[in-house]
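Visitor: Here is how the chains run, residue by residue.
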Amino acid sequence: MNFDLDDDQRLTRDTIGRFLGPVDIAARHAMRQADGGYPRTRWREVADLGLLALAAPAAMGGIGGTMVDLALVAEALGKGLAIDPWLENGVLPIRLAAAADDGALVGDLLAGARVAAVAFAEPGRRYETEAAGTRVDGERLVGAKTFVLGAPLADTLLVTATENRLARVAADAPGIVRQDYPVIDGSRAATIDLHRVPAELFDLPATGFDRVIGDVRLLAAAEMLGLAQAMFDDTLAYVGERQQFGAAIGSFQALQHRLVECYAALEQARSMVLRTAMLDPATDDAKWPRIAAGAKAFVGEAAMRIGLEAVQMHGGMGQTDELAIGHALKRVMLLDRLLGDQTLCLTAYARAA
Amino acid sequence: MDLDLTKAELEFREEVRDFLRTSLPDHVREGARRTPGVFVEPDIGLVWHRILNDKGWVAYHWPEDCGGTGWTPMQRYIFEKECAVAGAPALSVLGLRLVGPVICAFGTQEQKDRFLPAIRAGTDYWCQGYSEPQSGSDLASLRTRARRDGNDYVVDGSKIWTTHAHHANWIFCLVRTDPDVRKQAGISFLLIPMDQPGVTVTPIITMAGDHEVNQVFLDGARTPVANRIGDEGQGWTIAKFLLENERGGSFHAPRLIRAIDHLEALAGIAPSGHNGALAGDIQVATRIARLRLEAEALETTELRILADIAKGRPAGPQTSLVKLLSSELHQRIDGLAMELHGYDGLQLPTARPLYGNEAPPAIGDADAQIAAARYLNSRAWTVFGGSSEVQKNIIAKTVLRL
Chain U
739 MNFDLDDDQR LTRDTIGRFL GPVDIAARHA MRQADGGYPR TRWREVADLG LLALAAPAAM
799 GGIGGTMVDL ALVAEALGKG LAIDPWLENG VLPIRLAAAA DDGALVGDLL AGARVAAVAF
859 AEPGRRYETE AAGTRVDGER LVGAKTFVLG APLADTLLVT ATENRLARVA ADAPGIVRQD
919 YPVIDGSRAA TIDLHRVPAE LFDLPATGFD RVIGDVRLLA AAEMLGLAQA MFDDTLAYVG
979 ERQQFGAAIG SFQALQHRLV ECYAALEQAR SMVLRTAMLD PATDDAKWPR IAAGAKAFVG
1039 EAAMRIGLEA VQMHGGMGQT DELAIGHALK RVMLLDRLLG DQTLCLTAYA RAA
Chain X
22 MDLDLTKAEL EFREEVRDFL RTSLPDHVRE GARRTPGVFV EPDIGLVWHR ILNDKGWVAY
82 HWPEDCGGTG WTPMQRYIFE KECAVAGAPA LSVLGLRLVG PVICAFGTQE QKDRFLPAIR
142 AGTDYWCQGY SEPQSGSDLA SLRTRARRDG NDYVVDGSKI WTTHAHHANW IFCLVRTDPD
202 VRKQAGISFL LIPMDQPGVT VTPIITMAGD HEVNQVFLDG ARTPVANRIG DEGQGWTIAK
262 FLLENERGGS FHAPRLIRAI DHLEALAGIA PSGHNGALAG DIQVATRIAR LRLEAEALET
322 TELRILADIA KGRPAGPQTS LVKLLSSELH QRIDGLAMEL HGYDGLQLPT ARPLYGNEAP
382 PAIGDADAQI AAARYLNSRA WTVFGGSSEV QKNIIAKTVL RL
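So the sequence lines, in the order shown, correspond to chains U and X.
The numbers in the working numbering rise by one with no breaks, and the one at position 12 of the first sequence is 750.
The numbers in the working numbering rise by one with no breaks, and the one at position 263 of the second sequence is 284.
So here's chain X without its partners, still in its complex pose (with noise of 0.2 Å):
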């Protein structure tokens, strides 16, 4: 048992950095510090996604015969921890992380070669058409319905949660095509262009005031039966697929103890109210100190993941106890971010974005400008991508066997 990198990781390593240091614009970094919602928005996260494109490294993590890297396990959790650390956009997941080891997975040679390069590229944008309104933690009751009609499916429903759909060209989305059996065996997975009159996209605001969700009406929406991914009611095997790569594939801990380094940075400088710095503080400086323990765990729980899948165990459930840590260490850190601003960390602009010219002038430093909006999206990380509820009931379910 240990900890160590060997000579090559360590070579890697520098590699990363690297490039990172070459590669990573400034205006980019920048414009992920300064972005409050989970993902950045295209205008800053396609540049990047292109720069690693161009570098062979922006599907790294999928087979090599899809276009991967073929990279180790471990040389994926220093890339990631690298990008971590320099500050690097969390690119959109939708294609890269979501959509794409589906179809490397379950999709057959034509769609493979339709839409994975467009993935990598970064021409085609994707978005997830998987909660409705009447189903969110209990997905498997989704009632969009698809139907054939001649060589296409038509689709009816609604989607709701669809994260950047008003940026989107294609959505994946879990239909029903057969409402006479168990509601789990009934579904597919159909891929469906966004630029027809059978879809219109609704945008919902969130209570920070940002745009990123939003509702998609499938009317009459068409698709080719050729864009269905698997076999006809074989969509909820490749949902759970889909699920468990959305909540474990890629590592949690890098983002937020870097999330705490800047706890400490801040609290080095926020005045403390007795002609100090609030780092100064025993209850601030232990507060960031219990984060800094769970963030220091969490990413070991990740490494020990890590090593089963090198050693081709299979990481199962296991995904949703890091979902369930991970994103309520967010929220803490988030909500602690926002403490350490005081009176400034109450701003919350209703301009977007908060990057580039036309952004307003902050309040006191920088960060306080954004800080409000960052915790209350922050809130939304134990519903997404299975609520913390469901986790938990996954876990006794399947690792405790309650």
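The following block holds chain U by itself, in its conformation from the complex (with noise of 0.2 Å):
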């Protein structure tokens, strides 16, 4: 049993965290002005350190790395507070296509020549993850789908459909009516009306989707955790700075126990995220998306409950938009969502007992 990094793993986190830098409010600002809500010219630079390749098998040209790796990568993001899309845009896309057997869109993606959004959710619905309203028609496809994250930045749709197809269509083409809006973490979404759009259809089997968004909503998780561990972290800090009633406002046992139980669910959350990506190479591909689900049920109530103890402790400050805290807490509450909110994952893991 070895829960330490290896050295490749420590280079990884370390390179991560030298690319995001301290938190930067204004700059993200900024870099949401970009076109799409992201620059392009990062995700290159995304691809540069090798985060895409990561996620891409080997025999398409990537570096095929282990679940253990992917986690600590999103964990990694997480904890630098990332703009980058590179689980819903990156990860996402990359493994579908993978899963789909589509190698040239697999090679493009991971070197961030193209940049791909997934339409899986249709309006009118919940959380369900397979396609009902999205069909082929001929050689065309036709339906709608709503909160395609990064869409506005896409060059590349993948498109969920009916009866385990998946419909690769560019961002352009004719018959796609599109619908950009912002979402909760600062990034663009959209809503997309399909009106007959030629697409190039691929077969998805329903256990090669149902793996991704097993690993999706694991790397969810490990994202979560970060951003947990970056808002506790602040948050420790500031209840040792701040002074009322002549006294740091740390020193009042009323904040220390409930500072104690954040500190207890960090733990756990990252025991669960651990545990559950260390698990992949043992567990059959029929049960990951239920653990999956699991894991990331546990751990968006662990980071949703730090991150509204960090907002509450940071009094009036953490109603703002100056501080990391509120923006970690954003991407928590989409993260908590994707692919299932906890009620969604809970049940699915509960049927798994």
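A hint or two may mislead.
Here are the simulated distance ranges between beta carbons [what the hints assert, rightly or not]: (1) U:Glu877 / X:Ala372: 36 to 46 Å; (2) X:Glu317 / U:Ala882: 55 to 65 Å; (3) U:Lys1025 / X:Pro46: 51 to 61 Å; (4) U:Arg873 / X:Thr221: 52 to 62 Å; (5) X:Pro381 / U:Lys1025: 42 to 52 Å.
Just so you know, these hints were derived from the structure itself, not from any lab.
Glycine residues also receive a C-beta, built at the ideal position from the N, C-alpha and C atoms.
The task is to assemble the complex, starting from two chains supplied on their own in separate frames and drawing on the hints.
Guide: Okay, here's the thing in structure tokens:
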């Protein structure tokens, strides 16, 4: 048994830490002004760090990182409050394309030459992952999608359709009506109406799709772990500095006990992420999505609790746009619901028992 | 013991309902519904404020000799409940609920004549200079200094979390007039005009993206000594009077119950994910039920306090209990509302306002567009007007005698 990072893992973590640097709120807002809410030049840097290749299989030109490797990346990105959509516009489309055996797309995506967004959610539904109202009619795609994260940024859309089909369409293909909107973490999403859109079609077996959903759920949990760590660290520092009633507020027992509860939740969340990531090689693909769902529900609850405590303990400052904790909390709120909220994920896990 | 309204109270309720039906403009109701912040902006709020003033009801809770209505506590409750049910906007508390009653209670006749009519008319717009960067929960440690210069005070310091300072033409401030006495004893209560070179307002944007609060810098700001309310050194007594009004001056349960009604309506139309509506989901239904029970209990707690007030017994620290309970309930309701919207609840528009012709289109249900912003802003409920931690300290000390 060994929980230590190896040299490569440590190097990756430190490299990500240097790439992200200290949180700079003004710089975040400036980057969000770019077309699509994120600078494409920065995406090239993410690719150059190897973070996209790490998520792609070696057989398709990737590095083929383990779930532990990927979870450490997600955690480091969370800890540094990355605005980079590594999970939703990196890992998710790369692994879907790989599952659909579209090696050419995987190659373009891991190099950062193309950006893809994945259209899975549908209007009028909730967090279910399978497509219901989007279908292939002839060689054309018909239906509607919503909450397509990073769509305003993407060259390529990967659209899930009924009967286990995955469609690859150009973002500017005829028949696509897109409405962009800002989401809670400051990024941009879109609704997409598909009016007989020409598409490249792939078969995506349910087991392959569910496997990818599981991967993304676990990595969402890992990113939330990093975010929760950042919020906890900032809060611990703040209660040591902030003076009221002639003492640091961290000297008050009422706050100390709540911080200890946050610390316990954080340690439990870390254990859950590591445990689940390490279970991956010994787990059937069929069981994986549920295990990952359980981890995401558990870590999401911990991260939300830590985030709300961080905001409360920062008082008025905690309500503002000026501190890292608010930005971290908003990203947690998105990840906590991505591919299923706590209720859906817990339900999935309960059925596995 | 009974909960029934008298015949006169029932007639009063009908009068209020009639008035709301005929006088509350649709665009005001819509603006209130689509405001993610705690208070509506003046473009909505002042419209309703002036309609109420024309009716003679805007300062209904003030003493009659100050322009109040002379309503019983039960009439006030009925009025607030009907306003909540009708979707009338929550008006800025700063003039009507905070400084107004202070001037009624502690002001001279000249001060009443100068300031109260302009609050009622909505021609003066007030903000509150209480918290400072280094003095939040520990308010009495405030450092903003006022020194005498002839017939003026000259004020130096900074105030923070100043709601609507960017709309206000007056600020009421707690200032230190005597640094050499016990910290509570050296504080005075000043009214300071905003339109002068010594006053600068800097916006503070909330994590939801709203501009409600500000930091106000006072650099040699001047105000006549005649604009001090009460005596020099009486500021802390006035501050506590005002804070009790802020915490307990209005009823929370009616708005909370209305918000829960909205949750139920929303659950009735939101998809469950298994070919039904969320209202049929037992987990959702029981969560709403739990919130409703808490709001109903809170309504009765508020009515018990009201009955005490009606019999001339002091409400005192009970207002801290209501503040504590209602603010956390607010957050839970807003949190569940956001959850019910699913992915649509994650939209967070950057444009404001979210009503009128310039508003961006909503994704999904119209209410989904403001759900996240409202939830994020609701985190402030447990901080402003004294944090939950401060309320608990007050209750532990003054109610439980710990």
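Visitor: Checking each numbered hint in turn, tell me which of them this model violates, lowest number first.
Guide: 2
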